[in-house]
Amino acid sequence: MSNVTENTTAEQHMLKLFHANFEQISTLDTKPITALRQKAIDSISEHGFPNLETENWRYTNLEPLFLADYHIDFSNQSRPFDIEKIFTCDVYDLDTFSITLLNGWYVYKNAPLTTLGNGTIIGSLAKAMEVYPDLVNEYIGNATDINQPGLAALNTAFFQDGIFIYVPDGVEVEKPIQLINIINSPDPIMVHPRHLVIVGKKSKLTLVHCDHSLTHNISFTNSLTETFLAREANMEFYKIQNKGANSAVINNSFIKQKQDSNLISHTLVLNGGFTKNVINAELGEKNANTELNGLYLVDSNQHVDNQLFVDHASPECHSEQLYKGILDDEATAVFSGKIMVRKDAQKTLAYQNNKNILLTDEAKANTQPMLEIYADDVKCSHGATVGQLDPEAMFYLRTRGMCERTARQLLMYAFAAEVVRKITIDPLRERIDQMIEKRLKGELSICDQCVLHCNSKEPTVFNIDVSKL
Amino acid sequence: MAEDKSNDILDEVTQSEYKYGFYTDIEMDQAPKGLTEDTIRFISAKKNEPEFMLEFRLKAFRHWKTLKEPRWAHVNYPPIDFQDIIYYSAPKKKPQYESLDEVDPELLETFEKLGIPLEEQKMLAGVAVDAVMDSVSVATTFREKLEEKGVIFMSFSEALQKHPELVKKHMGTVVPYTDNFYAALNSAVFSDGSFCYIPKGVRCPMELSTYFRINAANTGQFERTLIVAEEGSYVSYMEGCTAPMRDENQLHAAIVEIIAKKDAEVKYATVQNWWPGDKKGKGGVYNFVTKRGLCEGENSKISWTQVETGSAITWKYPSVILMGDNSIGEFYSVAVTNNYQQADTGTKMVHLGRNTRSTIISKGISAGKSNNSYRGLVKSSRRAENARNFSQCDSLLLGDQCGAHTFPYVEVGNRSTIVEHEATTSKISDDQLFYCLQRGIDMEAAIGLIVNGYAKEVLSKLPMEFAVEAQKLLSISLEGSVG
Numbered sequence: 144m145s146n147v148t149e150n151t152t153a154e155q156h157m158l159k160l161f162h163a164n165f166e167q168i169s170t171l172d173t174k175p176i177t178a179l180r181q182k183a184i185d186s187i188s189e190h191g192f193p194n195l196e197t198e199n200w201r202y203t204n205l206e207p208l209f210l211a212d213y214h215i216d217f218s219n220q221s222r223p224f225d226i227e228k229i230f231t232c233d234v235y236d237l238d239t240f241s242i243t244l245l246n247g248w249y250v251y252k253n254a255p256l257t258t259l260g261n262g263t264i265i266g267s268l269a270k271a272m273e274v275y276p277d278l279v280n281e282y283i284g285n286a287t288d289i290n291q292p293g294l295a296a297l298n299t300a301f302f303q304d305g306i307f308i309y310v311p312d313g314v315e316v317e318k319p320i321q322l323i324n325i326i327n328s329p330d331p332i333m334v335h336p337r338h339l340v341i342v343g344k345k346s347k348l349t350l351v352h353c354d355h356s357l358t359h360n361i362s363f364t365n366s367l368t369e370t371f372l373a374r375e376a377n378m379e380f381y382k383i384q385n386k387g388a389n390s391a392v393i394n395n396s397f398i399k400q401k402q403d404s405n406l407i408s409h410t411l412v413l414n415g416g417f418t419k420n421v422i423n424a425e426l427g428e429k430n431a432n433t434e435l436n437g438l439y440l441v442d443s444n445q446h447v448d449n450q451l452f453v454d455h456a457s458p459e460c461h462s463e464q465l466y467k468g469i470l471d472d473e474a475t476a477v478f479s480g481k482i483m484v485r486k487d488a489q490k491t492l493a494y495q496n497n498k499n500i501l502l503t504d505e506a507k508a509n510t511q512p513m514l515e516i517y518a519d520d521v522k523c524s525h526g527a528t529v530g531q532l533d534p535e536a537m538f539y540l541r542t543r544g545m546c547e548r549t550a551r552q553l554l555m556y557a558f559a560a561e562v563v564r565k566i567t568i569d570p571l572r573e574r575i576d577q578m579i580e581k582r583l584k585g586e587l588s589i590c591d592q593c594v595l596h597c598n599s600k601e602p603t604v605f606n607i608d609v610s611k612l
Numbered sequence: 016m017a018e019d020k021s022n023d024i025l026d027e028v029t030q031s032e033y034k035y036g037f038y039t040d041i042e043m044d045q046a047p048k049g050l051t052e053d054t055i056r057f058i059s060a061k062k063n064e065p066e067f068m069l070e071f072r073l074k075a076f077r078h079w080k081t082l083k084e085p086r087w088a089h090v091n092y093p094p095i096d097f098q099d100i101i102y103y104s105a106p107k108k109k110p111q112y113e114s115l116d117e118v119d120p121e122l123l124e125t126f127e128k129l130g131i132p133l134e135e136q137k138m139l140a141g142v143a144v145d146a147v148m149d150s151v152s153v154a155t156t157f158r159e160k161l162e163e164k165g166v167i168f169m170s171f172s173e174a175l176q177k178h179p180e181l182v183k184k185h186m187g188t189v190v191p192y193t194d195n196f197y198a199a200l201n202s203a204v205f206s207d208g209s210f211c212y213i214p215k216g217v218r219c220p221m222e223l224s225t226y227f228r229i230n231a232a233n234t235g236q237f238e239r240t241l242i243v244a245e246e247g248s249y250v251s252y253m254e255g256c257t258a259p260m261r262d263e264n265q266l267h268a269a270i271v272e273i274i275a276k277k278d279a280e281v282k283y284a285t286v287q288n289w290w291p292g293d294k295k296g297k298g299g300v301y302n303f304v305t306k307r308g309l310c311e312g313e314n315s316k317i318s319w320t321q322v323e324t325g326s327a328i329t330w331k332y333p334s335v336i337l338m339g340d341n342s343i344g345e346f347y348s349v350a351v352t353n354n355y356q357q358a359d360t361g362t363k364m365v366h367l368g369r370n371t372r373s374t375i376i377s378k379g380i381s382a383g384k385s386n387n388s389y390r391g392l393v394k395s396s397r398r399a400e401n402a403r404n405f406s407q408c409d410s411l412l413l414g415d416q417c418g419a420h421t422f423p424y425v426e427v428g429n430r431s432t433i434v435e436h437e438a439t440t441s442k443i444s445d446d447q448l449f450y451c452l453q454r455g456i457d458m459e460a461a462i463g464l465i466v467n468g469y470a471k472e473v474l475s476k477l478p479m480e481f482a483v484e485a486q487k488l489l490s491i492s493l494e495g496s497v498g
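Respectively, the protein sequence lines represent chains G and U. Everything in the first sequence is counted per the working numbering, starting at 144 for the first residue and increasing by one. Everything in the second sequence is counted per the working numbering, starting at 16 for the first residue and increasing by one.
Think of the hints as simulated: they come from the structure by calculation, not from any bench. Accuracy of the hints is not assured; some may be wrong.
[Claimed, not checked] Here's a subset of chain G near chain U, in silico, CB distances under 8 Å, partners left out: (1) Leu158; (2) Leu160; (3) Phe192; (4) Pro193; (5) Leu195; (6) Asp504; (7) Thr528; (8) Leu532.
What you are looking at is a predicted structure, and each value in this text was computed from that prediction instead of being measured. We put the beta carbon where it would ideally sit given N, CA and C, even for glycine.
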């Protein structure tokens, strides 16, 4: 596989790759899916990939990512194997139904598709395309806007497998479903996992999505999750990212919500060389609620970009966004959150808040909280801050006899806690809580302490220099 | 019932016509339509400009040809044919008047209608007026008084003749011709404007004021203003605009450059009330302006205050580059849009020096089918230790057909900077109205009261003479008879 050179753009390169491997990519396709791929390819030819002139990408440069000579697995290379042998979740008492993707392909011990007692189907998307073509065709591609520069089109063109979850009407899935996305490859690898989550009427689902790398090799994950919430459906969506410095992750999340549905999303970026999380939530019917929370703790030269778009397409919906970040060393963070209130989406309530703490002069925070409003009977507000710890709060703690170091740690911990305490899965919250506390004390070595167990031989030690606080 | 009443008022508002819509018939000395190097040579020759000016224009023009029209703003308009514009038009009679009696009476009448304090009112208002009528300055008052202090306040063309070295030294240093599409266009074809120079340690004894006025149909107006405040000086500058009602869209691409040296302070106030187009969104002025101030020296201060009620499309971002340590930038804005007006306006505060501070207060009011956007950048560079910014951008929506948008950009590159941004969008609450009504204030007055209260924070920053006009404009553009 030749890489991007001076004469070939990344787009041309990927298009060439697509056409050369079309047979393999589309092996399991139904007709509508092949058509969808074609549309995506047309979109890439027309719009290209985002660059620094693309509004949503103005602070995130994609170009260097395409320079590596990536390998793509066009067929499932993973044999059925016992995932527990190479991976154990570090949240010991987290009781989940766990499923694993290795290099973008579904890893199964027994069956590629499992139907639980309550009718919930969990398994490989590739298999679901074969077994439940109607169900898949009805939903897939419906929440995703591929007609703009972005990597959603690229995923749509190249995806072959991923997770498929279907929760029938009236079912509450008791255990959280944990999706573990593992990259393990000696060569630079590019993966395009695609996930489809359908939650039926009055149903309930908790999904924990973990991105994880087993090696420190270069990788590029461009995943896309489409989520459909029917009436009165409830979903809680956790995204935990803890990847090596050479990994790049772009997560595209598209959510469509019906009347009275509720979505709570938590995005926790604890490590990752390059991370971009895109969440597009469409509140398509009245009284749908969305709550998007995020926390990012980044250091060295990590780059994290959270791009949110909440589309109030119907009246009486409610949305909240709270994203907080602590940036150390030369880390850069981008927050671009947009609330769109469509015409006639009256009685909308929408709030948005982004707070950043910079620990060094080299760290950079770019934030764009945006409102675009076309209805008058609305209450929308947003706020953004970049700064340091509140000197008054510091002073207060100091007057109580606390040493400066402890006071600082306490305030930082409290800063993060606002997001952490929103996590409703107790073991997960406690674990993350501990982790953050340790990390802020400079005691945390990410690879043996983190939520996601990592077998790296060279653990990176995460040092927040407390004297800089 | 209350709602019906408020709709009536809104209707009334929508129906209130532009009061300053008239057209003065004066013979024009025009350049042929279209833009080529010859047009630029024509303009330059007409104005008898020094050689460096022509070169500057030509460089700008050549650069402009390489640029594409920007489309990123949240506005929609049909493509502009830049070859279908007359780039130079001047009143034929050369404005070399000994006294006001010699001024073309028709012109004086125009000013009278605008209420410019040119003659009787000039003592009363205490305002020196450099009135610009379609590109060429026709009358300048209070010149002597200013000259005593060493203040230079004259038209740009005159400054080019009398003080070419000052112009050459400062022009294009804040807004280079490479800055953007419209800045390049302006640099190539600007016809006239104002030049203001405050020498070291001088506090300008009066408010300086310039009225811009677009007159001939089909004539783009390309003003250029340059204000230089030397060390320790102070000036308050006012710019106000009204335009006659014409059917064709008129393009206005101005440049304002301000340079504040050490300890200098410049206050720049604008009331903009150009023709916004009719109720169906036909016609109106396109206002694509580059305004930028440079706080070059330590402890300098630049403050922008604007009341924007006019123009079919407003596209401007008065900015401050805070280069000197401890310098201060301020931006206070009220932008009102009605009918089909579109405004994409805001500011840029670029913190480069230490301990620099900036404040942004922006109040948007949208009614009718208009769209009103705030777009702003607050940037703090690595060196800008202890920089501080506070931004507040509020939007008020009147009617369910309009849009209010906020696009702030915050870029922070050091740890000691504190940036706070907050914004709210809402309509006039029923509670507020109810409170006013039960105190016996009628609906019309109540809305007026609330809107005025909403904008007060900004209006109070205007020079007094202007504040009165600004309030009147708010009434005209929004409230009908409510005041």
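Hint check:
1. Leu158: violated (26 Å)
2. Leu160: Where the cut-off is 8 Å and the nearest Cβ of chain U is about 31 Å from Leu160 (chain G), the hint is violated.
3. Phe192: violated (19 Å)
4. Pro193: With a minimum Cβ separation of about 14 Å from chain U (threshold 8 Å), the hint on Pro193 (chain G) is violated.
5. Leu195: violated (13 Å)
6. Asp504: holds (4 Å)
7. Thr528: holds (5 Å)
8. Leu532: Hint on Leu532 (chain G): violated, closest Cβ of chain U at ~11 Å, above 8 Å.
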